Amino acid sequence: MKIVVCIKQVPDTKGGVKFNPDGTLDRGAMLAIMNPDDKAGLEAALRLKEQFGAEVTVLTMGLPKAADVLREAMAMGADKGILVTDRVLGGADTWATSTTIAGALRNIDYDLIITGRQAIDGDTAQVGPQIAEHLGIPVISYAQEIKIDGDKVIVQRQYDDRYHVLEAKMPCLITALSELNEPRYMTPGGIFDACDAEITQWGRADLKDVDDSDLGLKGSPTKIAKASDKVRKGAGEKVVPDSPEDAVAYIVGKFKEKHII
Amino acid sequence: MNNVVLEDYKGVYVFAQQVDNEISGIAFELLGKGKELAAKLETEVVAVLIGYQVKGLADKLAEYGADKVIVVDDPELEVYRTEPYAHALASVINQYKPEIVLVGATAIGRDLGPTVSARVATGLTADCTVLEIGDFPLVAVPGQEQKHNQLLMTRPAFGGNTIATIACPDNRPQMATVRPGVMQKIDPIAGAKAVVEEYNPGFTPNDKYVTIKEVVKAVSDTVDIMDAKVLVSGGRGVGSPENFKQLEELAEVMGGTVSCSRAVVDSGWKPKDLQVGQTGKTVRPQIYFAIGISGAIQHVAGMEESDLIVAINKDDSAPIFDVADYGIVGDLNKIVPALTAALKAEKAAKN
Chain A
264 MKIVVCIKQV PDTKGGVKFN PDGTLDRGAM LAIMNPDDKA GLEAALRLKE
314 QFGAEVTVLT MGLPKAADVL REAMAMGADK GILVTDRVLG GADTWATSTT
364 IAGALRNIDY DLIITGRQAI DGDTAQVGPQ IAEHLGIPVI SYAQEIKIDG
414 DKVIVQRQYD DRYHVLEAKM PCLITALSEL NEPRYMTPGG IFDACDAEIT
464 QWGRADLKDV DDSDLGLKGS PTKIAKASDK VRKGAGEKVV PDSPEDAVAY
514 IVGKFKEKHI I
Chain B
109 MNNVVLEDYK GVYVFAQQVD NEISGIAFEL LGKGKELAAK LETEVVAVLI
159 GYQVKGLADK LAEYGADKVI VVDDPELEVY RTEPYAHALA SVINQYKPEI
209 VLVGATAIGR DLGPTVSARV ATGLTADCTV LEIGDFPLVA VPGQEQKHNQ
259 LLMTRPAFGG NTIATIACPD NRPQMATVRP GVMQKIDPIA GAKAVVEEYN
309 PGFTPNDKYV TIKEVVKAVS DTVDIMDAKV LVSGGRGVGS PENFKQLEEL
359 AEVMGGTVSC SRAVVDSGWK PKDLQVGQTG KTVRPQIYFA IGISGAIQHV
409 AGMEESDLIV AINKDDSAPI FDVADYGIVG DLNKIVPALT AALKAEKAAK
459 N
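So the sequence lines, in the order shown, correspond to chains A and B.
With the numbering used here, the residue at position 43 of the first sequence is 306, and numbering never jumps.
With the numbering used here, the residue at position 274 of the second sequence is 382, and numbering never jumps.
I should point out that these hints are in silico values taken from the structure, not numbers from a laboratory.
Keep in mind that this is a model prediction, so the values were computed, not measured.
All residues carry an ideal CB built from backbone N, CA and C; glycine is no exception.
Heads up, some of the hints might be wrong.
As the list claims (entries may be wrong) - Chain A side only, calculated, beta carbon under 10 Å to chain B, not exhaustive: (1) Met-264; (2) Leu-294; (3) Ile-296; (4) Thr-357; (5) Asp-423; (6) Arg-425; (7) Lys-501; (8) Lys-519.
Stated by the list, open to error - Which stretches of chain B does chain A cover? Using the computed rule of at least three CB atoms under 8 Å from a CB of chain A, they are: (9) 300-307; (10) 433-442.
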């Protein structure tokens, strides 16, 4: 079985959000990490590899430094890494990104493609389903459990108040939730090997059946009209009461003031 | 991408999500916003109702503002699956050529929206919180055509740290998914009727039609936290599932309900449908208690529109205090039961 996991390098927005003095996001000061949903997807692929034997390829699109997340994935146990990078691909929205990744995937054999549900920088959840659409294969989003049965996948697909157990014929694409599993750590031996591992690098010319008019900023149907840092409502009052009784008196007092009670 | 004649596309279309033949609240919210956008564009708002034996729901959509309802009714559409639904919505778009298509940013819409937008080759803006009609570019730029009457879609990004306004000037339809709980539905107009039109593009199963082996509904007798006037929300700081009892008692005396942060769901203390935040639900109750919640940006994104926020946390530097109207630094295990008792006493004194 051949599994391709699409991963993305993202700034870590959890806990370590840093701002410049002018209030804009300081991306340089933030750690670049493997997107959490993608990492869960990779872990799922590695478990299938252990169970059934599979070749796991990780693929990313980004700047040359995105090779770091490919090496991390390989140190966890992925077999091959492919970096899709080219100046003309920059500024892509989800349409252009999914077109690019689909163009890269047309070069390789796969039974299963796994992506994260969404990346923590954009939070769109669009690229996975859009890749499936471009490739003409079934998609199952929001996977909370993945099993293989012969040439079929059986997936628990999460919804707001329920889940569906779905069966699809491979090849197909699955988008993974971080709830899927607890990703493993890199192993020392894996890190050692991954440092020297060869990473395949593809540019525009390597994308199959893709028009220039569908790539990069120019090929993106959505355009940014304005971007700004969020103006948050300011903090209200903060008190450090001497006792629980004082705390309660404070809240009750405020509620009375506001005619809540 | 294909060149389209933009003027051929008319009307604001809303995907009227239904589950188990019951219309989801988001459909009414989208109709409310859709009606407003349609008025500015001097066009109509159309609900697209997809399912099996759902025609009877059309009147309800009319009461919430739909001028017209397009019904795609087929046995293949009984339970949501990506493919037959994507085929249904994409076929409606190709047949009717709407100018705008709005879809709820639900676990269904965030799967259907991207698939359909890729199929009809247009842009899709995810998880919008503001939709307006305006010019693109916002300010005229020499040498570049400024297009009027564009859908301007505003959404949070970077886990809620930034906001971006996005347009889709050269492709149609302009598509957006919209977060539930953000747009206002109109007061229903009793007896309102819409033009109902049935349309069936034909459904021929192929490999993309996945098989549903089982539907497992979460057993939950709790009210939807998005409808609650008061939410008593707990985080990891609550300490244990048993300690949530204190929050439940406070919720009871306040006439509210309990919700929680992602950490609580991840620990298996509470079910996912009670989760507030970026990957949970967006709530805007009159009072939001954040108890033992540190206030990660992803959580704040889902509750900061609450009318009044009361935070209780022992960590003086917890970011939740940056959004709280009233922040109390202290031990929740002591304060919460005492507060419940005090509020009970106040209530008793009033009666």
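Right, here's what the structure says about each hint:
no. : hint    : result
1   : Met-264 : violated (17 Å)
2   : Leu-294 : violated (14 Å)
3   : Ile-296 : violated (13 Å)
4   : Thr-357 : holds (7 Å)
5   : Asp-423 : holds (5 Å)
6   : Arg-425 : holds (4 Å)
7   : Lys-501 : holds (4 Å)
8   : Lys-519 : holds (8 Å)
9   : 300-307 : violated (count 0)
10  : 433-442 : holds (count 8)
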